[in-house]
Structures are given as C-alpha cells and as structure tokens.
Amino acid sequence: AEVRRLIRSITTPVQRSIYQMWVTASRHADTLAWTVIPWTDDTIQLRFGVWKSDLFGKRKFSKWVRQDHIARWRRGASYKEVYEYVKATHPHLSVHSFRNGAIFHLGTHFEEDRICLLTGHQPRFTVPGLSHYIIAHPSQRGPQTCLEMSHSLRETLRT
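Just so you know, we're using the numbering used here here: the sequence shown kicks off at 795 and counts up by one.
Everything labelled a hint here was simulated from the structure, so no lab data went into it.
It is possible that part of the hints are untrue.
[Stated by the list, open to error] Cβ-Cβ distance ranges computed for the label pairs, FRET-style:
id	residue 1	residue 2	range
1	Thr883	Gln938	33 to 43 Å
2	Pro885	Thr834	22 to 32 Å
3	Thr834	Glu878	34 to 44 Å
4	Ile897	Asp862	17 to 27 Å
5	Thr950	Gln861	35 to 45 Å
6	Ala823	Phe898	32 to 42 Å
7	Lys874	Ser803	15 to 25 Å
8	Asp907	Thr883	32 to 42 Å
9	Thr883	Asp835	29 to 39 Å
10	Lys881	Asp836	15 to 25 Å
11	His886	Pro832	14 to 24 Å
12	Glu942	Glu878	30 to 40 Å
By construction, the Cβ of each residue, glycine as well, lies at the ideal position given by its N, Cα and C atoms.
With the hints as constraints, model all of the structure from the sequences given.
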C-alpha cells in the first residue's frame, strides 16, 4: 500500500525509479545500469553489463518484464532525488526498502531458487561457471519465471 501511494500515476522520474525497483526487485543503481531490449509487443529484456554481483561483466544477467508502458522503462531519477522524495513522504523507509519489500513479497509466493532468477542472487545449488555461457531467451523457464514474478509485483500496485 505504501509503494502504491509513493508511485501514484508514475508521472515523474522519481516515481518511475520506484516502480522499476519494485517491479523488478532491483537496487536503484541497477535501474540506471540496464539496457532495455524489446523482444515482443509485451516483453522486454533488461540486460546488465556491470552490476553489483559482477563488477567485471563476466556473468551475463537479464531480467524479463512485461512492457505495459514503455515510458516506465526510461531512465529514472538519481539516487539523491529518490532518497529525498522517500524521506519527505515516508521517513521510515529507505531507497533499499523497495527491493527488500519486493523480495519479501515474492518469498510468500515463490521458491527461493525462482526468486534468484529475478534478483540476481546465487541459488545455493548453482554451478557458477555455467552462467558465463548462457544467454537466456524469453521462452525459457528462467525468463518466464521472471515475467511471472514481476507481474505479481506489478499487480500489488493495482487498486
């Protein structure tokens, strides 16, 4: 409910950043670093070159989301702008609260190994070397799971 109130109609870059963090269970820095690649009329790939878990760009990673409105995937606001907006409206939250809250919400609906597909965390039973050679396609199980989870998070914003 608090996320829904903060985002409202997604008319500002700050609201767009919060929407992106929530729907993709991402860090703020991730929302500024991904490349948006359209795949179908309703699916986009958010591809990461360098991200927190792989500073040298050796581990390929993508998130897949429904493209309900392309403007929502344009670049959002700076960390400082998001921080100031959040603190002014909900002082008990932090910028990281959106990723934490999204992961918590997903934990009530999905298994841990599936959540890792969206968040980029390493599942406990993964063979790390394999991920260097895999570029997922949206029809595969992993991207389909990401689509399902981001859709679940997006649905929490509907009134």
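Okay, the hints, checked on the actual structure:
Taking the beta carbon of each, Thr883 and Gln938 are about 35 Å apart, inside 33 to 43 Å as hinted. The hinted window of 22 to 32 Å between Pro885 and Thr834 is violated, with their beta carbons roughly 41 Å apart. Take Thr834 and Glu878: their Cβ atoms lie about 37 Å apart, and the range 34 to 44 Å holds. The hint said 17 to 27 Å for the Cβ distance between Ile897 and Asp862, and at roughly 21 Å that hint holds.
For the hinted restraint 35 to 45 Å between Thr950 and Gln861, the CB-CB distance of approximately 19 Å leaves it violated. A beta carbon spacing of about 20 Å between Ala823 and Phe898 contradicts the range 32 to 42 Å that was offered as a hint. Against the hinted window of 15 to 25 Å, the Cβ-Cβ separation of Lys874 and Ser803 comes to about 23 Å, which satisfies the hint. The beta-carbon spacing between Asp907 and Thr883, approximately 35 Å, falls within the hinted interval of 32 to 42 Å.
Hint check: Thr883 to Asp835, Cβ distance near 35 Å, so the stated range 29 to 39 Å holds. Checking the proposed 15 to 25 Å range against Lys881 and Asp836 shows it is violated: the Cβ atoms sit about 35 Å from each other. Separation of His886 from Pro832 is about 37 Å and departs from the stated range, judged on CB atoms against 14 to 24 Å. Between Glu942 and Glu878 the beta carbons are some 34 Å apart, a value that agrees with the proposed interval 30 to 40 Å.
Of the numbered hints listed earlier, those contradicted by the structure are 2, 5, 6, 10, 11.
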